[in-house]
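Trainee: Chains as they are written, first to last, in this note's numbering: chain A, 1 to 114; chain B, 1 to 113.
It is possible that some hints are incorrect.
To be verified - Straight-line Cα separation of at most 25 angstroms, SDA-like style, residue types lysine to any residue; simulated pairs:
id, chain 1, residue 1, chain 2, residue 2
1, B, 68, B, 111
2, B, 72, A, 87
3, B, 56, B, 113
4, B, 100, A, 17
5, B, 71, B, 10
6, A, 65, B, 2
7, B, 100, A, 27
8, B, 100, A, 5
9, B, 100, A, 14
Said to hold, decoys possible - Here are a few chain B residues that face chain A, going by a calculated C-beta distance under 7 angstroms:
id, residue
10, 39
11, 40
12, 44
13, 46
14, 60
15, 89
16, 99
17, 103
18, 104
19, 105
To be clear, the hints were calculated from the coordinates, so they are not data collected in a lab.
Fair warning: this is a prediction, and the values are worked out from it, not measured in the lab.
Beta carbons are placed, not taken as given, at the ideal position from N, Cα and C, and that holds for glycine.
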Amino acid sequence: EAAVTQSPRNKVTVTGGNVTLSCRQTNSHNYMYWYRQDTGHGLRLIHYSYGAGNLQIGDVPDGYKATRTTQEDFFLLLELASPSQTSLYFCASRPGLGDSYEQYFGPGTRLTVL
Amino acid sequence: QQQVRQSPQSLTVWEGETAILNCSYEDSTFNYFPWYQQFPGEGPALLISIRSVSDKKEDGRFTIFFNKREKKLSLHITDSQPGDSATYFCAASGVNAGAKLTFGGGTRLTVRP
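If we strip away everything but chain A, and leave its shape as in the complex, we get (with noise of 0.2 angstroms):
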């Protein structure tokens, strides 16, 4: 069972704050993933990677960066946080392409920016 573990699962910061999440995988995954969930619009992809020292754009990347520092942990930052950034956010994983398309979830983590 593939096993994603994200740190810290609930964090509260104010504008202008600087945060960083945490995400980590033990798979051997070569996909790593950042969602953020709000009601209405699901899960909204931030950023991705593909391997070590690799950071793709996703769909909603304003404001937040990246950093896939091994091939298990994966960062999301927010070096001036906003309150439009609260919000549920996902990490993922998934094997290499060719293999299966499933993606592996972690539990999340619940960001307040006051």
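Once you've looked at the hints, dock chain B against the given chain A.
Mentor: Chain B only, in chain A's frame:
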């Protein structure tokens, strides 16, 4: 512009009834359509998926019906159980999407005992 749309946003059925969740898409290059199930406090998990070469995919009580011409699909949950109460997301991917999935807005299903 939402590429994948779901309806209804919420649905309530009685235990034993069939729940029907609808999904439509715009990009004709989409060829892979997974449905994810999400329980409160958890991340989504793959429930069932279909490729555009098929018009039906069945897995136990869960069936996807796919209409390529109309760019529509639906998820039927027969003999609905209270444990099926969750949010269901339709998603899509295709030859131009690479490793990306585009998700719909979700349908929250409640099954009353």
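Trainee: Could you work out which earlier hints the structure fails to respect and list their numbers in ascending sequence?
Mentor: Checked against the structure, the hints that fail are numbers 1, 2, 3, 4, 9, 10, 11, 14, while the rest are satisfied.
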